[in-house]
Structure formats: C-alpha cells, structure tokens
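The primary structure of each chain is shown beneath.
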Amino acid sequence: MNWGSAGEFFAMGGYAAFVWGSFGVTAACIVVEIIVLKARHRAAVRALPANSAGQP
Amino acid sequence: MTINWFRYSSPASFYPIAGRLIPWFFSAAALLMLAGLYISFFVAPTDAQQGEAYRIIFIHVPAAWMSMFIYIVMAAWAGIGLAFNTRLSSMVASALAPTGAMMTFIALWTGSLWGKPMWGTWWVWDARLTSELILLFLYFGFMSLQAAIDDPRRADKAGAVIALVGVINVPIIYFSVKWWNTLHQGASVSLMQSPTMAKPMLIGMLVMALAFWMYSIAAMLMRLRAIIIERERNSDWVKALKERQS
Amino acid sequence: MNDLSLTAALWTVGSRDLLAAMRHRADLLTTLIFFALVASLFPLGVGSETALLRLMGPGVVWVAALLASMLALTRLFASDYGDGTLEQLALSPHPLTLLVLAKIGAHWLASGLPLVIIAPLLGLQFDLNADAQLVLLASLLLGTPTLSLIGAVGAALTLGVRGGGALLSLLVLPLYVPVLIFGAGAVEASAAGLGAGAHLSLLGALLLVALVFAPWATAVSVRIAVE
Amino acid sequence: MLAIIKLECVRGERRLFSNLSFEAAPHTLLEVRGQNGSGKTSLLRNLCGLLPPAAGAIQWCGKDIYTIADDYRSHLAYLGHLSGVKDELTASENIRMSAVAAGLSASAEQIDAALIRLGLRDFRDSPCKALSQGQRRRVALARLCLSVTRSLWILDEPYTALDTAALAVIKDLLESHLEAGGIVVLTTHQEVAITARATRRVELGQ
Numbered sequence: 001m002n003w004g005s006a007g008e009f010f011a012m013g014g015y016a017a018f019v020w021g022s023f024g025v026t027a028a029c030i031v032v033e034i035i036v037l038k039a040r041h042r043a044a045v046r047a048l049p050a051n052s053a054g055q056p
Numbered sequence: 057m058t059i060n061w062f063r064y065s066s067p068a069s070f071y072p073i074a075g076r077l078i079p080w081f082f083s084a085a086a087l088l089m090l091a092g093l094y095i096s097f098f099v100a101p102t103d104a105q106q107g108e109a110y111r112i113i114f115i116h117v118p119a120a121w122m123s124m125f126i127y128i129v130m131a132a133w134a135g136i137g138l139a140f141n142t143r144l145s146s147m148v149a150s151a152l153a154p155t156g157a158m159m160t161f162i163a164l165w166t167g168s169l170w171g172k173p174m175w176g177t178w179w180v181w182d183a184r185l186t187s188e189l190i191l192l193f194l195y196f197g198f199m200s201l202q203a204a205i206d207d208p209r210r211a212d213k214a215g216a217v218i219a220l221v222g223v224i225n226v227p228i229i230y231f232s233v234k235w236w237n238t239l240h241q242g243a244s245v246s247l248m249q250s251p252t253m254a255k256p257m258l259i260g261m262l263v264m265a266l267a268f269w270m271y272s273i274a275a276m277l278m279r280l281r282a283i284i285i286e287r288e289r290n291s292d293w294v295k296a297l298k299e300r301q302s
Numbered sequence: 303m304n305d306l307s308l309t310a311a312l313w314t315v316g317s318r319d320l321l322a323a324m325r326h327r328a329d330l331l332t333t334l335i336f337f338a339l340v341a342s343l344f345p346l347g348v349g350s351e352t353a354l355l356r357l358m359g360p361g362v363v364w365v366a367a368l369l370a371s372m373l374a375l376t377r378l379f380a381s382d383y384g385d386g387t388l389e390q391l392a393l394s395p396h397p398l399t400l401l402v403l404a405k406i407g408a409h410w411l412a413s414g415l416p417l418v419i420i421a422p423l424l425g426l427q428f429d430l431n432a433d434a435q436l437v438l439l440a441s442l443l444l445g446t447p448t449l450s451l452i453g454a455v456g457a458a459l460t461l462g463v464r465g466g467g468a469l470l471s472l473l474v475l476p477l478y479v480p481v482l483i484f485g486a487g488a489v490e491a492s493a494a495g496l497g498a499g500a501h502l503s504l505l506g507a508l509l510l511v512a513l514v515f516a517p518w519a520t521a522v523s524v525r526i527a528v529e
Numbered sequence: 530m531l532a533i534i535k536l537e538c539v540r541g542e543r544r545l546f547s548n549l550s551f552e553a554a555p556h557t558l559l560e561v562r563g564q565n566g567s568g569k570t571s572l573l574r575n576l577c578g579l580l581p582p583a584a585g586a587i588q589w590c591g592k593d594i595y596t597i598a599d600d601y602r603s604h605l606a607y608l609g610h611l612s613g614v615k616d617e618l619t620a621s622e623n624i625r626m627s628a629v630a631a632g633l634s635a636s637a638e639q640i641d642a643a644l645i646r647l648g649l650r651d652f653r654d655s656p657c658k659a660l661s662q663g664q665r666r667r668v669a670l671a672r673l674c675l676s677v678t679r680s681l682w683i684l685d686e687p688y689t690a691l692d693t694a695a696l697a698v699i700k701d702l703l704e705s706h707l708e709a710g711g712i713v714v715l716t717t718h719q720e721v722a723i724t725a726r727a728t729r730r731v732e733l734g735q
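So the sequences go chain by chain: A, B, C and D. Take the first sequence: its letters are residues 1 to 56, numbered as in my numbering. Take the second sequence: its letters are residues 57 to 302, numbered as in my numbering. Take the third sequence: its letters are residues 303 to 529, numbered as in my numbering. Take the fourth sequence: its letters are residues 530 to 735, numbered as in my numbering.
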C-alpha cells in the first residue's frame, strides 16, 4: 500500500495537478462521449418520420 | 455456393444484437478499469526518479495503443466495406472514428501533462507524441470528409479510400518522425523509455489497455446503432421499432 | 485495345492537360508567385539575421513549395469534372489508373517543375551556399512529384464536395509530413556535412511508394466522384 | 446484347426504382421514359457502369459489366448531360483528344467529316468557350460520329438544345447505327420518330 493517508493519496507526491489532470480529463472524455452517444441515439429515434396512423 | 455471411450481417439484423452486446462490453470495461486503477495506484511502486507523476503512464500508453489500434481496425472495416460493398462494415468504420480521435486526444493530453513535470515543457517534440498529433489530423480528415459528403454511400467509399491511404502512411509517418527526432535532438530520453518496466506496471498498463478496448467496442456499438437508425430511417423495420413507443 | 492506342491515349491525356494549362498561363504564374511570396514572408516575420535564415532556409522553401503545390491541386480534376471530360475518361476502355497517372504527370510538369526551377532563386534570399542550393534542387525534384501524386488522391476525393479547399488541405497535409521531413532534412544534413545521400534515397523510396499506390487510389476516388 | 436483371437504384435516401428487368438486342432502340426525378439519368449511369446499382445485375453478352469492366467500355459510347468539351481547346482538338483518350481512331479526315456533318466547319479552330450550348452539344455529337465502332450507345436526352437541322443529323446518325446492328438506349421528353427494327420502351416511376 503506497499511501499513508487519503490526503497523501490526493497529493500524489506533489504531482496532484498533473496526475489528477490526466485521469480527470480521461474520465470526463469517457463520460461526455457516453452522454453524447445516448443523446444522438435518442435524437435519431425521435427524428424518425411519423409512422402512419394505425401502425402498432 | 459459399455462405455469404456479409449478407446476413445486414444493419437490420445486427441492430438488436448490438443492443444486447453493449451492456456486456460496458460492464467488462468498468471491471477492468477498476482493476487497472487499483493496480496503477495501489500496487505499482513509486518510481525512483519520476516519483508519482509516472502513474500517468497507466492512461497515456493504453490510450496511445488504442488510438493506433482503432485507426487500423477502422481502415480494415472501411476497406471491407469498399471491397464488398457491405454497408454495415462502412458504418462500423464511421462509428469507430470519433472514439479513436478521442483516444488520440487523451494520449496527447496525458503526454503533455506528463512531459511538463519531467521536461518542464507542455509539448515535447518526441517521435511518438508528434506522430500521435499527425494521427489526430488523419482522424479529423476522415471524419470531416465523411461529414462533407451528403450521400452516405459515397461518404463511405470516400472515407474508405482516405482511411486506407492513411493506414499505409501511419508507419511511414512514424519512422520519418523518429528519424527526424533523432537527427535534431540526438538520442534524448524519449517519453516512453520510462525506467525498467517493473512487472506490476506492465500488468497495470495491459489491464487498462483491455479496459479501453472494451470501452471502445461499447462506444462503437452505441454510435453504430445511432448511425443505423439515421441511415435506415425510411425502411420499414425501423418504423416498426418497439422503441418508438417509449 | 492494343498497346499503341494505350500509349497514344496516355500521351493525348497528358498533352491535353498541358495545352489547357498553357492557355491558362495566369494560373501557373499565381502558383509561382504564391511560392515566392510565402518564402519571402518568413524573413519578414523572423528577422533578417543571415545565420538564422541560413538555418531556416531549406525548411521554409520546402514548406512554401508544399503549400504552393497543394494550392495547384484543385486544378487537377476540377475543370474536367465540371465539363464532363472526367466522366468520359472514366468510360475509356484504357485503365483509369494509367490515364490518371498521365494527368498527374502533366500536372506536375505544369505546376510542380516550375516550383523546382525557381526554388534556387528563393534559396538566395536565405543565403544558401551553392552546395545547399544543389541539394535543395535535388530534394525538390524528387519530392514534388510525390506531393502531386499524394495530393491527387485528395483532389479526387474532394471533387464536388463543399468546403473543398480547406478539406483538401486537411486530407493531404498530414500525408505530406514524411516528404517534408526528408526533403528539408536533406539540405540540412548536407549543410551539417553528413551528406544528403540517405535523405534523397528515402525521398526516392517515397516517390516509388506513391507511384504504386496513389494512381490506384486516385482512380478509385475518381470513380466515386463521377458516380 | 444488353440484359438488365432485377435492377435497383438508390440515390441518397430515396429508392428510385427496384426489380427492373429488360433486354436490348442488336438493332434495338430502347427509350427510357419518366418524369423528372424518376431516375432516368441514374438508370443510364447504371448501364454504363458509372453508378453501381444497389441491387440486381447488368450483363453484356451474358457477362456482368463489372467483371469485364474495361472490355465492356470498349463497346460503349455515352453522351451525358455534360458535353465533355473543354473551353480552352478548339472544336477539332476537343474531338481528337477525347476520341484518342477513349481509344477511338480519329484521323484528321474523320474529324473534319464529323465537323462538316454537324455544321461546325467554320468553328473548327475557335476555342469552345466561344461556342453556344447548342454548338457544344454538336461537338459532343461529332464525337459520336467517331464512335461508330462502339455497338452500344447510351444517350441521356440527346435532343436537348438542338435545332431542327441538328435533330435531322442525329436522327440519321441513330438510324444508321441501328441499321448496322448497334443498340441505342436513350432518354428523351421530345417525340422524335426514329425508324428501327425493334423499339422498346421502359417507363420509370409509375
């Protein structure tokens, strides 16, 4: 176990900005991409031409 | 007559399959990511020279691998789509491109964030980083060419040509940049030559790479389903989709 | 189709483009003027200190040549696409790959070679010595055909596509990187006494690779464009 | 012999036609009719191999035109909406160069004869940018005069922008080609009576 305390863990040996900057941006990219994909799927479904009346 | 399984993997029949696969790939990605993060933070030892900053390697290297791997897979699918005229293969290529570009961006971002503490500059003209940057332009070229062409069929074929020409150039670009890099900076310590690759570090990177791979497949499948609906919106099977009622 | 009519066809396609280019001499001049202009901008931006300019000279002349040849690419297929000649070319029984190669050759003669010819003139601006000028000339002579070949793929792909100019540069410039590196590197290596042999042979290798792949890729792109 | 089997063509998102089958034997004039946007031009571009069909097959003498690509094109002459005339070149240069590029023999006499037949003799050496739209069509028709060795003529609205004199010339051109055993596939909106041993009609977009 490399870290004595949670504080030490977040300090990341003084490189907190760089390490958490990298991991944070990666996590953000993944989350944003998933959101964008979900929105695109929903928009594609909603944009379908209105099916004629009587269709299930 | 040989079974032409390209015919059966038509967008209509693959759409529900993709839908069922996505949760599996996402959960695999999540599990592998957790394992990878645990290894990279709690198992891998602190590095003698670089201290804790080297832990960025657990994202930088897998992202760089994935950016190259996705481009090659994308070019392969695009080539199959061009050769066999199968729409689904071309759709897979178009579905892969944005995720590949994202991986390239992550590789560049984490590369520069790692370069700053190590070399004091945000951008290092290291051979690998420079060719990552050019790879990003190749991705943008593919995506903007496809975006600029309205007819989906022509966009697929044009994209396939530029992807295939690009994939031939990727190794050439890498070696010419490597040649150029050694000529100018001499054999400086390249970003990737981190000190002796301790065993847990290698495992950490491999696990993270697998996690990114599972994630990329899941993201591709999601985008693929959206592309299938966008392109097949006039066909009957799309109109009869259950989802429309929700 | 016997070979005689194939060579005649290739020769005719090439000479038709050269003839059309000659009757549009203005376009040819704009490419050259653009080349000289871009190369002359750098000293204005960086300062006229000769040691620095001598160091930067090859790179600047190469980048300017690369941009100028890319600008000229739109002329390669655009007018033929517009008046239906490209369509007829795609319908010729002769292999489109060779017909396209003839067009690219004519395009290089009309816009690539002139760049090479006036490059030494620009080399003077950067106080390059005779040896460096010679290697610059050799590297451009080997490099500009490759630029035309690779650029032809982009030109064919962006036919009739909106945003053609900017899109063409986005498609083609990343692929120009190896040619630029070895081209500019050749002059620098010879200036540093390392001899430009390696770089020039690599430029030659790139040219051969381009000669093999680019015409095929361009022919496929042309067929896609005239659909 | 040209055979079309269950052809389907999609343009962008719209399916223009599907399950289209017909044949054209030598000496046949095949007229393709239909309103604007019914896919006439797309069908013709399918037939000459420029536009790959979404489904179905096109065969020339029993062989798929995409497998015998270059050979098929040695039997084909196509006149599209674009006349294929370069503005910078003169009429005779245009004809000579496009004929040689297409692998056709084009001696000076043949070119002159074609120009005279199309009434372009005194425009022989003037750049085509000075010619009117009708005259450019005549230059394209002059190239057709040189394509007598090609058995399959595919013409997209060949009569547009032509005056009565030119119409007479093209009528004569088509009839002699059909008589010599050629096949002509054309789209038109005008009623021009062409005598041919067999006349077929394909109606698109019902």
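Misleading hints may appear alongside valid ones.
[To be verified] The list that follows gives simulated cross-link-like pairs (lysine-lysine, BS3-like), each with its CA atoms no further than 30 Å apart: (1) Lys234(B) with Lys255(B); (2) Lys658(D) with Lys700(D); (3) Lys535(D) with Lys592(D); (4) Lys255(B) with Lys298(B); (5) Lys295(B) with Lys38(A); (6) Lys295(B) with Lys535(D); (7) Lys255(B) with Lys172(B); (8) Lys298(B) with Lys38(A).
If you're looking for bench data, these hints aren't it; they were derived computationally from the structure.
Against the 30 Å threshold, does the CA-CA distance of Lys234(B) and Lys255(B) hold or violate the hint? 27 Å, holds
Compare the distance between the alpha carbons of Lys295(B) and Lys38(A) with 30 Å, and conclude whether the hinted pair is satisfied. 19 Å, holds
Is Lys255(B) close enough to Lys172(B), meaning Cα to Cα at most 30 Å? The given pair, whose Cα atoms are some 26 Å apart, holds under the 30 Å limit.
Straight-line alpha-carbon gap Lys295(B) to Lys535(D), limit 30 Å: 26 Å, holds
Straight-line alpha-carbon gap Lys535(D) to Lys592(D), limit 30 Å: Status holds; Cα separation ~15 Å.
Satisfaction of hint between Lys38(A) and Lys298(B), Cα-Cα up to 30 Å: 17 Å, holds
Can you confirm whether the C-alpha distance between Lys658(D) and Lys700(D) stays at or below 30 Å? Holds. Lys658(D) to Lys700(D) sits at ~27 Å (cutoff 30 Å).
With the threshold set at 30 Å, check whether the alpha-carbon distance from Lys255(B) to Lys298(B) stays at or below it. 50 Å, violated
Checked against the numbered hints listed earlier, the structure breaks hint 4 alone; every other hint is satisfied.
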